[in-house]
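Take a look at the letters that make up each chain.
Number of protein chains: 2
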Amino acid sequence: MNNFEYYIPTKVLFGKGQIARLGEAVSLYGTRALLVYGGGSIKRTGLYDKVLAQLKENNIPVFELSGVEPNPKIESVREGVRLCKENNVDIVLAVGGGSSIDCAKVVAAGACYDGDAWDLVIHPEKIKRALPLVTVLTLAATGSEMNGNAVISDMSKNDKFGTAGLALKPKVSILDPEYTYSVPKNQTAAGTADIMSHIFEVYFNRVPGTFIQARFAEGLLKTCIKYGKIAVNDPHNYEARANLMWASSLAINGILSYGAGVAWSAHPMEHELSAFYDITHGVGLAILTPNWMTYVLEHDKSTVDRFAEYGINVWGIREDLDKMEIAKQAIQKTRDFFTEIGIPSTLREVGIGEENLEIMAKKAASMGLENAYYPLDEKDVLAIYKASL
Amino acid sequence: MNNFEYYIPTKVLFGKGQIARLGEAVSLYGTRALLVYGGGSIKRTGLYDKVLAQLKENNIPVFELSGVEPNPKIESVREGVRLCKENNVDIVLAVGGGSSIDCAKVVAAGACYDGDAWDLVIHPEKIKRALPLVTVLTLAATGSEMNGNAVISDMSKNDKFGTAGLALKPKVSILDPEYTYSVPKNQTAAGTADIMSHIFEVYFNRVPGTFIQARFAEGLLKTCIKYGKIAVNDPHNYEARANLMWASSLAINGILSYGAGVAWSAHPMEHELSAFYDITHGVGLAILTPNWMTYVLEHDKSTVDRFAEYGINVWGIREDLDKMEIAKQAIQKTRDFFTEIGIPSTLREVGIGEENLEIMAKKAASMGLENAYYPLDEKDVLAIYKASL
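Going line by line, the protein sequences match chains Y and G.
Residue numbering for the first sequence follows my numbering, beginning at 1 and increasing consecutively.
Residue numbering for the second sequence follows my numbering, beginning at 1 and increasing consecutively.
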């Protein structure tokens, strides 16, 4: 096990009706709020009105940044920073999924920074301070509600970068599984794939002695497999929505990676797909992941042990089979699961052809893939993209 | 899943050499320290000198409360409070196992309280504030390093009570697995049993839909079983010590109980054994637990599902056996494991006879056992004590 520093200060208010504590939570940290959200879904569900009522009750003036995109753009961040600075905002409140929260994080940091907010995306070390952030989560996927990470895009350059900072960790996050009842099937499925990918990125590591981390990862993968299916077919199933929502936070709040590290593989490859084609992040991950697994297993036979462990402990494949056979079955079951919950299995299905594969592979390979579980260069990424067509 | 509020603000510095960060960590919160520790083991291992050097380097005057007992006594707490008040101490530093940390917690709260510290033990709601607490852990067992709980005894009344408060959560805990290399076999075994018991107290609950919590609990139980054995036989095995140490914190920092609650059963029963006979807490737990399991399974057949799940997922018992058979085998395997790591299996072996069973059963039954997984009254506890003789 590697040395690590564990620090997860976010307070999570989990469960039905926790929105009633929002006003009190916000008041603890600020007096003038910027409300950051995406499209109209929080208005349709009535959550928007509840949020405003809570703020009004606590005499907190609200400014709004709405229309945050599914892959949040730097232009939205800049607009949020402007609103904060012009209105002396001292707390940021994100209501929505990971996109709104990611945008709000960089807005919160940008409000305490003199230069352009894009600096904070490409130079995380420049994030020294941020306004306090409170979130209300409506989608189980990115885990942004409980960590200091954010991903922001500049579509003008087809750039999509992740940034991070301790100051970006939310003070309080409200997680009410009922707010995810209205998430459509395809977004529920994509969110589940995103959670699973976060787990894979840690589970497939080479740090010896990370027994606890591996067992926790397997537990969360089983959670996604069991409840992802249920939530897609029965959207109002509280137990399914609750387990998926909590899994989304635990998958990437550090509890899996402390001591083990994160060996990002699928995420950097997918970020190029979203940056070039603006596809749903979780869909891109689900398309790539089984092909990435197959590629790794074929090119580095020493990985068979971990893939077989995955097959036995997560998919319940019989231990007495040949290890390579278990590993291959496990990868096939991963693909079958994504298909079963309705996610496309090829890039062509989401409108991606061969036209940009080489430039995307080149960019992806420059995003730290030499530190991946199986180190990937441009040629490797291109092969995985092609296998995914 | 129940509603819950997640809040684990303790920063954990985990791994080899983290002691080098102690001075900096303490300086962040205070200027005059009370050092709380037990016997001479930290002097023998050289840890005491390292701690003092760190404090000296940061110009922090140190006052000392030494000789804290394995089941910490209220007299030690009172002495600590006196030292804090007389010397304007503004930070408490515990170096040792759960006993030193528990004692330090109540000292830290007592220093901010006008009445007698025992009030804070029997009335947790009176704990409003506490001096900041930093810990250096030397024993994987109680999990006190990452939560707000403390157990204090008043031997003059054979009383042993648990108290708790948000203000008691350590600010920083240093967990260096190498500091547990010198823990003797019997204490390593007892610590492992204590960790496992914390997990059982949450795993055996009746809250529906706590899938994640159950899988995490099983993962930690497997960790204890695998590495408890290794650590007893190979005390300098870093991987084993690291996994046990991290398991001790995760077992009772809330990650297992959030959403599931804690249905204390073995702990209240054991506390009476320690209160009357001053035996090692983990030994008492290991003696009682399999007998408690058998009693519950016999008296409430509906519990067979969870016991069978425990047998399959933790002990790898074949799923195709009869459920009751799996459950019984799982309990037997639990007993066998404790025996294998060298823990006595009967009360008589640790010097406890029939003399106080009735009064102990009466006291234990008054400690909230009506809320246990299987509610226990005086007669039930007595039966379990007798089965444990």
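If you're looking for bench data, these hints aren't it; they were derived computationally from the structure.
Mixed in with the good hints there might be a few duds.
Which copy? The list can't say, so a pair holds if one copy fits it or any two copies do.
[What the hints assert, rightly or not] In silico lysine to aspartate or glutamate, EDC-like type, Cα no more than 16 angstroms apart, as pairs:
(1) Lys222 with Glu309
(2) Lys126 with Asp336
(3) Lys85 with Glu370
(4) Lys171 with Glu5
(5) Lys16 with Glu5
(6) Lys126 with Glu79
(7) Lys323 with Asp119
(8) Lys126 with Asp377
(9) Lys16 with Glu178
(10) Lys185 with Asp234
(11) Lys323 with Asp305
Now for the hints, and whether the structure bears them out:
{"no.": "1", "hint": "Lys222 with Glu309", "result": "both (13 angstroms within a copy, 15 angstroms between copies)"}
{"no.": "2", "hint": "Lys126 with Asp336", "result": "neither (43 angstroms within a copy, 56 angstroms between copies)"}
{"no.": "3", "hint": "Lys85 with Glu370", "result": "neither (40 angstroms within a copy, 56 angstroms between copies)"}
{"no.": "4", "hint": "Lys171 with Glu5", "result": "between (19 angstroms within a copy, 13 angstroms between copies)"}
{"no.": "5", "hint": "Lys16 with Glu5", "result": "between (32 angstroms within a copy, 12 angstroms between copies)"}
{"no.": "6", "hint": "Lys126 with Glu79", "result": "neither (20 angstroms within a copy, 47 angstroms between copies)"}
{"no.": "7", "hint": "Lys323 with Asp119", "result": "neither (47 angstroms within a copy, 60 angstroms between copies)"}
{"no.": "8", "hint": "Lys126 with Asp377", "result": "neither (28 angstroms within a copy, 60 angstroms between copies)"}
{"no.": "9", "hint": "Lys16 with Glu178", "result": "within (7 angstroms within a copy, 44 angstroms between copies)"}
{"no.": "10", "hint": "Lys185 with Asp234", "result": "within (9 angstroms within a copy, 52 angstroms between copies)"}
{"no.": "11", "hint": "Lys323 with Asp305", "result": "within (7 angstroms within a copy, 31 angstroms between copies)"}
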